[in-house]
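Participant: Sequence:
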Amino acid sequence: MSDAPVHDKKAPSASAPDGSSGGVVRRGLSRPVAFASIAAVFVLFMAASSAPSPLYVIYQHEWSFSATTLTTVFAVYVVGMIAALLVLGALSDHIGRRPVLASAIALEAVAMALFIVANDVSILMLARFVQGIATGAAMTTLGATLVDLNPPHAPHRAGVVTGAAPAFGLGLGALGCGVLAQYGPQPTRLVYALLLAGLVLAALLVALLPETAQRRPGAVRSLRPRLGVAPRLRTDLIALVPILVASWALGGLYLSLGPSVAAHLFGLSSHVIGGLVVTLLCGPASITAFALRGWPTQRTLALSATLLLLGTAVGLTGMQANSLTMAALGTAIAGVGFGGSALASFGTLARIAGPAERGELFAVAFVISYLAFSIPAVVAGFAATNVGLHETSVVYSGAVIAFSALALVAQRLRTGRARNACRCVQPAGAQS
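In my numbering, the protein residues as written are 1 to 432.
What the hints contain is simulated information worked out from the structure, not anything from laboratory work.
Among the hints, erroneous ones may be present.
Said to hold, decoys possible - Cβ-Cβ distance ranges computed for the label pairs, FRET-style: (1) Q186 <-> F382: 30 to 36 Å; (2) V395 <-> P185: 37 to 43 Å; (3) N386 <-> P185: 36 to 42 Å; (4) A207 <-> I375: 35 to 41 Å; (5) E391 <-> A197: 40 to 46 Å; (6) A197 <-> L324: 31 to 37 Å.
C-beta atoms are modelled at their ideal positions from N, C-alpha and C, and glycine is treated no differently.
Whole structure, please, built from the sequences with the hints as guidance.
Facilitator: Spelled out as structure tokens, the structure:
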């Protein structure tokens with residue numbers, strides 16, 4: 001490995017032992033330890049993003065705001081995230097991964113401090129907005145760094161972690177916060193103090209992280225808000241849109257209104273239950289993303305779309321029949337589909353993108369995912385305030401089922417095109 005300092009723009013890009021394109025250019029953590037550290041930081045950011053979910057019921061009780069305001073607080077986070085994705089999505093491809101990650105961690109720490117001192121909705125919204133910017137800046141860079149550090153003997157590992165870490169982190173953050181809110185002191189502050197301590201550790205890890213991206217010109221130009229995907233990648237990305245929308249829209253419903261549904265429709269007011277609602281979706285998702293890591297992506301996508309459709313339908317039936325068991329079973333089935341879709345979707349993106357395209361492509365994918373995560377949830381918040389939580393949940397579930405069916409059609413068409421392309425190529429290969 002090259003020992004050239006990261007600021008030396010003329011230093012050659014050293015070839016890493018795994019043959020990856022972006023060589024490590026400074027001493028620090030070994031590549032395996034660095035990979036594990038980035039995965040842990042990824043989980044930390046996602047845990048922090050879901051931590052407020054079980055607390056929304058507490059905030060709502062203490063500050064007396066409606067479901068519309070609740071989902072607006074949720075959406076403000078996504079607005080900040082998407083703004084960061086649009087502006088900063090490709091920045092780490094130009095200035096390096098470490099500076100972007102260090103800045104994101106610092107901004108996330110500011111958000112945790114705001115949560116700790118929040119005493120009204122306006123401070124809560126500001127904290128969520130700042131957190132959204134920090135998370136958006138971190139996510140594409142974390143995904144690209146995992147691909148940079150991916151070991152050659154496990155080519156799918158970065159895709160597995162990128163698919164599993166969001167769901168695992170979301171579930172861990174929601175459940176951990178629910179337990180702390182139910183049994184610990186200062187329920188609206190303790191979790192943020194613990195997350196702040198975790199961010200200090202994350203900053204130390206990033207300080208020791210080897211730089212994996214070679215600096216290149218165009219950093220200022222990359223800050224112009226735009227969504228660009230190389231023409232050769234567009235067909236694959238478009239085919240993934242329906243399943244990204246179905247899975248992340250379902251996640252948005254659970255993280256914004258899930259605890260409220262448990263409290264108002266099933267009479268479960270415990271904060272632990274509020275966290276479990278999210279974990280019941282995200283726990284199976286993270287396990288699935290690991291368990292199916294060796295499956296072909298087409299097969300995983302088809303299975304995931306099927307399970308998203310089936311699980312949402314079972315959960316909807318349970319809600320209509322007021323059956324908690326059936327609703328929980330449907331959530332777990334949909335969670336398996338959620339995890340499989342994240343694994344196959346981001347695994348596909350990691351496989352098809354070149355080193356200089358990763359940051360931007362992941363930014364586009366995350367923008368699509370988080371628009372699906374937020375806009376339907378905000379609409380649901382308005383609807384819940386005006387027509388009721390039960391009716392809103394029924395319509396929302398129906399929309400997820402429809403997009404899951406569309407995802408099945410999209411994957412079948414994509415598979416058919418791939419088979420036709422193979423038939424066209426095969427005769428020429430046979431003649432050679």
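Participant: Could you work out which earlier hints the structure fails to respect and list their numbers in ascending sequence?
Facilitator: Hint check: nothing fails, all pass.
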